[in-house]
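Asks: Construct the complete structure from the given sequences, taking the supplied hints into account.
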Amino acid sequence: MTTATDMPGESIDAALARRRLRALVLFLLLAAGVVIVSILSIGTGALALAPSRVVDVLHAVLTGKVPDEMARDALVVVGIRLPRTLLGLLVGAALAVSGALMQGLFRNPLADPGLTGVSSGAALFAAGMIVFGERLAAGTGPLPFVTLPTAAFGGALLTTFTLYRISTRAGRTSVATLLLAGVALGAVAGAITGVLTFISDDRQLRDLTFWSLGSLGGATWAKTATVAPAILPVLVAVPFLARGLNALTLGEAEAFHLGIAVERLKRTAIFLVAVAVGASVAVSGIIGFVGIVVPHLLRLAVGPDHRVLLPASALLGGMLLVLSDMLARTLVQPAELPIGIVTAAIGAPFFLWLLLAGRRSLAS
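If you want this note's numbering, it's the 1-based position in the sequence shown plus 1354.
The hints are simulated quantities; they were obtained by calculation from the structure and are not laboratory data.
Don't take each hint at face value.
Pairwise CB distance ranges, derived in the manner of DEER restraints [said to hold, decoys possible]:
id, residue 1, residue 2, range
1, 1684, 1369, 43 to 49 angstroms
2, 1702, 1378, 30 to 36 angstroms
3, 1576, 1659, 36 to 42 angstroms
4, 1434, 1605, 48 to 54 angstroms
Beta carbons are placed, not taken as given, at the ideal position from N, Cα and C, and that holds for glycine.
Replies: Written as structure tokens, this is what we have:
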């Protein structure tokens, strides 16, 4: 069998060129998909707008010349749907990139950010704020809207710090211990959240249920502006981990001999996942399966190279979540499905297919 090392220099160059071309085509398709899905999402709702109308409204708003007959459409687009779409892109990108990081760190294509218990920790603190927030604010008036997202984000960071302390000995972080501790902490957080659900009243129970299933329904410019400073730096930073994650696929010892600071890579990846997932859960609740489905689909399409996988996951994750949100708003109109139900309906069959495919490959 001829391998890349046996080929002449021209063949290697041609193979690299084909790989770069394939990556470029993928990024162009994903970018076009993000734009198309975003326009469709902005035009979807009780006031339906054609894609051309959405483009006209956005152009008018950007130029500052909104005619009177377009004022109502501009109010709906800019005030309601655009921040919701942008928030969906940010949260979807954060969840998908977190999944890609976790899969690279654990060297397992079925790994998910939820395995570390970060989502459960964030949900626990959010549930506590929903149940006890009014009592805490009894003497000070209503709590500001940032209180709930701040509690969820703090829960995610505290869970991550606890995981890191448990799984680190003598300056070395055990990935296996991290995984097992994450499962244990997630179970504890889930149990406490169950207790909070049991003692909550009817209104709090509705809030907890909606939170646990995920939603972009409360998206505003304020929420988008709050979460963007947390998620955008993560999306900018993760491509710099690509070389280390590629080396880590060979094993920790091999990556170390290739000049990778393995322990620093682990700490950085865990911290970035905590920030991205914590910020996402803080504004949208728990949304599952995006972190599994998106990176694995891309890995099947373009291979395991994290230099392509990480930025492509951000694009496809944002597109998938905006598309799921669009379905959540239209399937049971005039009501709205929690977006977590839609992503679970898409992701669960795909996850089962992965398991069955893996079992068949082992059997053969």
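Asks: Now look at each hint and say whether the structure bears it out.
Replies: To see whether the hints hold, each was checked on the structure:
Judged by the Cβ atoms, the range 43 to 49 angstroms given for residue 1684 and residue 1369 holds: they are separated by roughly 44 angstroms. Distance hint for residue 1702 and residue 1378: a CB-CB separation of about 33 angstroms, consistent with the stated range 30 to 36 angstroms. Taking the beta carbon of each, residue 1576 and residue 1659 are about 38 angstroms apart, inside 36 to 42 angstroms as hinted. Distance hint check: the CB atoms of residue 1434 and residue 1605 are about 50 angstroms apart, consistent with the given range 48 to 54 angstroms.
In summary, the structure agrees with every hint in the numbered list given earlier.
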